[in-house]
Amino acid sequence: MTDPAILTRDLGYRASTRFAIEGVSLNVPAGAIYGFLGPNGAGKTTTIRLLLGLLRPRQGQITVLGRPMPEESTAVLARTGYIPERPHLYPTLTVAEAIAYHSAFYPTWDSAWADRLIKDFSLEPGQRIASMSKGETGKVMMLLALAQTPDLLVLDEPTDGLDPVVRRDVLGAVLDYVAQRHATVLISSHLVHELERFCDWIGVMDQGRLITELPIETFKNGIKRLRVAGAPADLSGAPFVLLDRDARNGTESWLVRGWEDPMRGFLETRGASVREVLDLDLEEGFVELLRSFRRP
Amino acid sequence: MFRQIFLTQWKWTRAPLLIALLAAFSIPLVSLSRDMSYTQPIWDARDLLDRVRSTGVAYSALAAALGLVLGLSAWAADHRGAHVYALSLPIARWRYALYRLGAGALLLFLPVIALWLSALIATHVIVIPTGLHAYPNALGLRFLLAAIVAYTMFFAVASGTTRAAAIVLGCIGVALTTMILLADTAIGRSLIDWAAQALFAWPGIFGVFTGRWMLIDV
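Chains as they are written, first to last, in the numbering used here: chain A, 1 to 296; chain B, 297 to 514.
Check before you lean on any hint, since a few could be wrong.
Beta-carbon label-pair distances, calculated as ranges [stated by the list, open to error]:
id : chain 1 : residue 1 : chain 2 : residue 2 : range
1  : A       : 14        : B       : 312       : 49 to 55 Å
2  : A       : 165       : B       : 458       : 47 to 53 Å
3  : B       : 402       : A       : 109       : 50 to 56 Å
4  : B       : 458       : A       : 292       : 39 to 45 Å
So, partial list: chain A residues that the calculated Cβ filter (under 7 Å) puts toward chain B [stated by the list, open to error]:
id : residue
5  : 70
6  : 74
7  : 78
8  : 82
9  : 88
10 : 90
11 : 113
12 : 240
13 : 242
14 : 271
15 : 274
Incomplete in silico selection of chain B near chain A, CB under 7 Å [claimed, not checked]:
id : residue
16 : 373
17 : 375
18 : 381
19 : 384
20 : 385
21 : 462
22 : 465
23 : 469
24 : 470
25 : 471
26 : 472
If you are wondering where the hints come from, they were derived from the structure by calculation, not from laboratory data. Glycine is no exception: its CB is placed at the ideal position from the N, C-alpha and C atoms.
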């Protein structure tokens, strides 16, 4: 069994008096495309900065690509392509200068790949970063992250604010890269439907905590909405997790996690019957999960 | 790596550097010109020394301005991006800061060399009265030291956060205000004397800025 690409245990960090990361234990399997979901302000960017050694945790352990962080951040960053939430490149440089600058720090830089991406993304090497559109800047950042041939790609909202065409180009380049190099990808977003198409694991964060982490198929299949007649008040010993219940006209609408069809038997022993089982897509599941987490 | 850091810093500062270079080249020539003429056979020694002394402040002002511009611009682009880019590069923080410091220090040499060359030219084309001597090397070295002191100081202040810079400047402000308020008292006077002595007299950190910036002296 291969080691996880990213592993954290009980990660804690206090960003301000009002916001803290608490008890985050992430496990990103090597080779996975891991969708890091959460609403704005959930703590995704702060967690990513902790993972990469840009911030120092107050508590907990972080291991990235088998090395402890932030102690070995230089070695880890040499194998990690990172696209931050906001454009970070020097605006006065041209594309060619930005490439020359960035490549000097990475011994694994692949010039041929960079040249190919310049063509694929229709970038003008002489154009200044400051004069570029948001989409073009996003493409340059993606080019820099990919051409350094990283083992791990950490993409923080890489498509936020991009138009659909650029978004497709950028994500297409990531998938192309992963297919060829078998890299691990951690991609954060609040655009759930976007991650649904290509992620194989997801982790959901809210209010500085990791709510859940599981393979995407398990997540999609495990969260169901049930319509239950004769629902009992006491559900102790239930083999599923009841996230939410809402009573209407004698039947109850339940949101459950970990549901499987044989569990109907459990409800029948309590005098209830399942009238309907509805599948939720990832976005609905995500929203319901957040609602249940936030409910006092 | 260093080459790329140097090239970025060159790009960010080349316009003010060019101005500083022209100024550095002009000051020695202007200080020794009399009605823009350098070849008068007889100079009045007192007139020459007064003229040289009066331009002395221009050297220290230029060195301070040069240090300010290079020190601040070394970090300006990183500040704009909240240092995320620099921190995400696979290089130790101390090494990155050292490279940035080194790149700026290397750029300082351009106006220093211009000033030194200009001083050499100026002192060779004029007729120096008997008893006076030219000090182009000493002036060039002094200008280099002053520029490095100013540069490293502003580099250090600019490397921190805005909050850290505000704290440093705030502390200086409080110290100055305290001295002004206590200026009429015996304690205040001795405090001012002590501070002036510690900072501006040799070997105080700003000692290089004060004193005689004389291209020609006895």
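Taking the CB of residue 402(B) and the CB of residue 109(A), does the distance hold inside 50 to 56 Å? Hint violated: Cβ distance 25 Å, outside 50 to 56 Å.
Taking the least C-beta to C-beta distance, is residue 384(B) closer than 7 Å to chain A? 5 Å, holds
Closest C-beta approach of residue 88(A) to chain B relative to 7 Å, hint status: 4 Å, holds
Tell me if residue 462(B) is really an interface residue toward chain A, meaning its C-beta lies closer than 7 Å to one of theirs. 19 Å, violated
Minimum Cβ distance from residue 471(B) to chain A below 7 Å? Residue 471(B) check fails; min Cβ-Cβ to chain A is 31 Å, beyond 7 Å.
Chain B contact restraint on residue 78(A) - CB to CB distance below 7 Å: This hint holds: residue 78(A) lies near chain B, its Cβ roughly 4 Å from the closest one there, short of 7 Å.
Is the interface hint for residue 469(B) satisfied, with its Cβ closer than 7 Å to some Cβ of chain A? Hint violated; residue 469(B) Cβ to chain A Cβ min 27 Å, cut 7 Å.
Is the shortest C-beta separation between residue 381(B) and chain A less than 7 Å? Because about 4 Å separates residue 381(B) from the closest Cβ in chain A, which is inside the 7 Å limit, the hint holds.
Cβ-Cβ distance between residue 14(A) and residue 312(B): within 49 to 55 Å? 41 Å, violated
Do the numbers back the hint for residue 271(A), that is, is its least Cβ distance to chain B under 7 Å? 58 Å, violated
Is the shortest C-beta separation between residue 74(A) and chain B less than 7 Å? 5 Å, holds
Quick check on the hint: residue 465(B) CB to chain A CB, less than 7 Å? Where the cut-off is 7 Å and the nearest Cβ of chain A is about 24 Å from residue 465(B), the hint is violated.
Of the numbered hints listed earlier, those contradicted by the structure are 1, 2, 3, 5, 11, 12, 13, 14, 15, 17, 21, 22, 23, 24, 25, 26.
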